[in-house]
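Engineer: Listed below, chain by chain, are the residues.
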Amino acid sequence: MAKKKTIRTIPQARTPMPEQSPEARVKNFDEVACGYRLEDALVEVDRCLDCADEPCVKGCPVGIDIPGFIRKMAAKNFHGAYDTITDTNLLPSVCGRVCPQESQCEGVCTVGETLEPVAIGRLERFVGDMAIKEGWANVPYIQPSRFKVGIVGSGPAGMACAADMAKAGCEVVVYEAFHEPGGVLKYGIPDFRLPNSVVDVEIEKLTRLGIRFECNTLVGRLFTLEQMLTEMGFHAVFVGTGAGYPSFMGIPGESLNGVLSANEWLTRCNLMHGRDFPSYDTPLQPGKRVAVVGAGNTAMDAMRVSLRVGAENVCCVYRRSATEAPARAEEIHHAMEEGVEFHWLTSPLELIGDAGNNVRAMRCEKMELGEPDASGRRRPLPVAGSAFELETDTVIFAIGTNANPILGQTSGLKLDKRGYIATDANLATSIAGIYAGGDIVTGAATVIQAMGAGRKAARAMKAYLGLRDSGCVYGREGSGDEDTLFGLSREEHNFARVHLA
Amino acid sequence: MTDFEILKREDFSEVTYLLEIAHPAMARAAHPGQFVIVMEHARGERIPLTIADFDRERGTVTLVIQAVGKTTREMQQRCRVGTRLHAVVGPMGIPSHLGKAKKVVCVGGGLGVAPVFPQARAYHESGAYVIGVLGFRSKSLIFWEDKFRACCDELIVCTDDGSAGIKGLVTEGIRQAIARHPDIDEVVAIGPPIMMKGCAEATRPHGIRTMVSLNPVMVDGTGMCGGCRVKIGEQIKFACVDGPDFDGHQVDFDDLMARLGRYKPTEKAALDAWKDESCRIRGGVDPLAPVPAVGTR
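Chains as they are written, first to last, in the numbering used here: chain A, 1 to 501; chain B, 1001 to 1297.
Rather than coming from a laboratory, the hints here were simulated on the basis of the structure. Take the hints with a grain of salt, since some may be wrong.
[Unchecked claim] Partial chain B-side listing against chain A, Cβ under 8 Å, derived: (1) Ala1025; (2) Met1026; (3) Met1039; (4) Val1088; (5) Gly1233; (6) Glu1234; (7) Ile1236; (8) Glu1267.
We put the beta carbon where it would ideally sit given N, CA and C, even for glycine.
Turn these sequences into a full structure, and let the hints steer you where they fit.
Structural biologist: Okay, here's the thing in structure tokens:
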């Protein structure tokens, strides 16, 4: 047996991620982080202590067997590593790129107590990308259960729920209002962070589980949730439509031309390819001096897109300080490297237009931090007499979203006070058989949180349908559970399936 | 579910054309006042179009389109019977609220004549007395007069040049209708913003409820982008999910018109480029074949 690794014997420094230089990348939409090469990955794998208490697994919202897949990588069994990850998470190439690992698995990594934590996200991405290149897919044996499940929304929550329900043998149909599936992964997150081609491959893998995607379908209006259960033969429905109703501040001048939501800006650029106008038809009208209000990941994306479509000056206007900014540290760092100017502790008061009704300036005031508010962050307070004007021709609001009203308008679903869908702890809604999760329940959050909600709802839906949780029944042989027979865990071997349908 | 095949096409004039599209589920679900978003091809833009008619038995929805920009002109050129659209999604928006009105004026201006038709028909079916007011620039542009005659108790046609009906704008028609009928409960007006503004002003002194249908710039049509926000009284609303019907007396039309122009420069560039392209390669070559990406600076 190999000698036990200790914190002193492992490679001390985290293996750096090969990246495009800031000067080069602001001129293209290629990925900023190019991904580990094989030799990088093998060095980083060696940094995992394979510790006994595995805090990373608990830190992961979907509970990936992280030490398990890293052990397989160390043994150069990359296909095995892929199977281990995809037993719990079907989208490693997506999550490896966009999860905030620093506050999840990597944030609690044992190595991280002394050194920099193991770069779990980068390793996950390496395995996912290798699977794409090699054409691997983890398609388990699926026994049809005769249940039909509808998923509303093809974003991360819907995808995760669809995958689990398909593995449990259900016939799954995913409805998407846009002309392409993927939700926020497609329209929101720009290609330099998550290429749409990666999302397409991951979706193609879902179709191999038998999942059907129906685009151009606005559920609620084309048919209602109730009709899905009564007329269309669905036994259960999951709603993962996202928050989808961008907020504005309500300050004067917001309807000036050149003022838009980050959602609109990103959708035009990413999904609709406005950046390739006029060979694509959607106009983008990039500004020269762009001001983005907000400091979350969406704000960073909006700013970095602006730079790439030719803005000369891009600034971030945020009413709190860098410490409170909700974006990932890495995103802020990348934006700074690329030349975004940050106006911390600055709050917009008014947008000022020119004669042609176009925005020409933003009047702002400086803020200072007071006592902590309900969110635990220090409340920003205006500094008297600090107003100033910021010259700008494009203002993009990235200050969050409200609840989309369509399903509330068209169904009997009970909503909470803010208009989001009300659920119980298991994500069941007020209508039996309908479950909901992701941003439409919690308000804006992250991709992996939405996926976690999709999986949680899937567990509840399986219980509702009388299906056992497939996770423990169909572990791939030799992947997760050791005690399996032909991929079927031994304790489940004599389990008689009860069909209620 | 459907492949958006075009089953019928009718040309009303040089610029106005009708497409009837196979979509049985949408035909079942559609109500007056709703709209769809159409993409003609995979590289196209998403454009909102009001549903002009729907036939539940045939399983079709009908759109009436005016060729004004690149996309609508390209559709005019390429959409033939038997061809397919890349995407049609809907019905979107809140259906028009057909109240208990007993006497209604349905006003359509130019292209707005088409989307006001399902409302006129629905009011007719509900037993209301329906007065149709249709405005066109000249006689040669008139369409659907017969369809309106079938569901209107009175029909006033107005033309700018007086070549048919009364000479003048639809507001003149509204004035005549109000003069004849003091008991009008509601006016529904659909057309260019400037026309809807005129209608709202014409009815304001009489205190007649006036509903207008707004069609601002949209991307997704599901509330997600906020591009279609409009000022209604003191409030900001999204036309796609909070509308498209609003109280005309509350709508800030000047704001709407200013915002409709926000992509004018790029839209014009697109149209010019497209015209150039289709002239240069007339015959045989597809003007939409992949072309090298052009920077947007």
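Engineer: With chain A as the partner, please determine if Gly1233(B) meets the hint condition of a C-beta pair closer than 8 Å.
Structural biologist: 13 Å, violated
Engineer: Less than 8 Å between beta-carbons is the criterion; does Ile1236(B) satisfy it with respect to chain A?
Structural biologist: Status holds, d = 7 Å.
Engineer: Are Met1039(B) and chain A close enough, Cβ to Cβ, to be under 8 Å, as the hint says?
Structural biologist: 6 Å, holds
Engineer: How about Glu1267(B): closest beta carbon in chain A under 8 Å, or not?
Structural biologist: 6 Å, holds
Engineer: Can you verify the interface hint for Met1026(B): is its Cβ closer than 8 Å to any Cβ in chain A?
Structural biologist: 6 Å, holds
Engineer: Taking the closest Cβ pair, is Glu1234(B) under 8 Å from chain A?
Structural biologist: 10 Å, violated
Engineer: Should the interface hint for Val1088(B) be scored as holding, given a Cβ-Cβ cut-off of 8 Å against chain A?
Structural biologist: 6 Å, holds
Engineer: Would you check whether Ala1025(B) satisfies its interface hint, that is, whether its CB is within less than 8 Å of any CB in chain A?
Structural biologist: 6 Å, holds
In terms of the numbered hints stated before, the structure departs from hints 5, 6, listed from lowest to highest.
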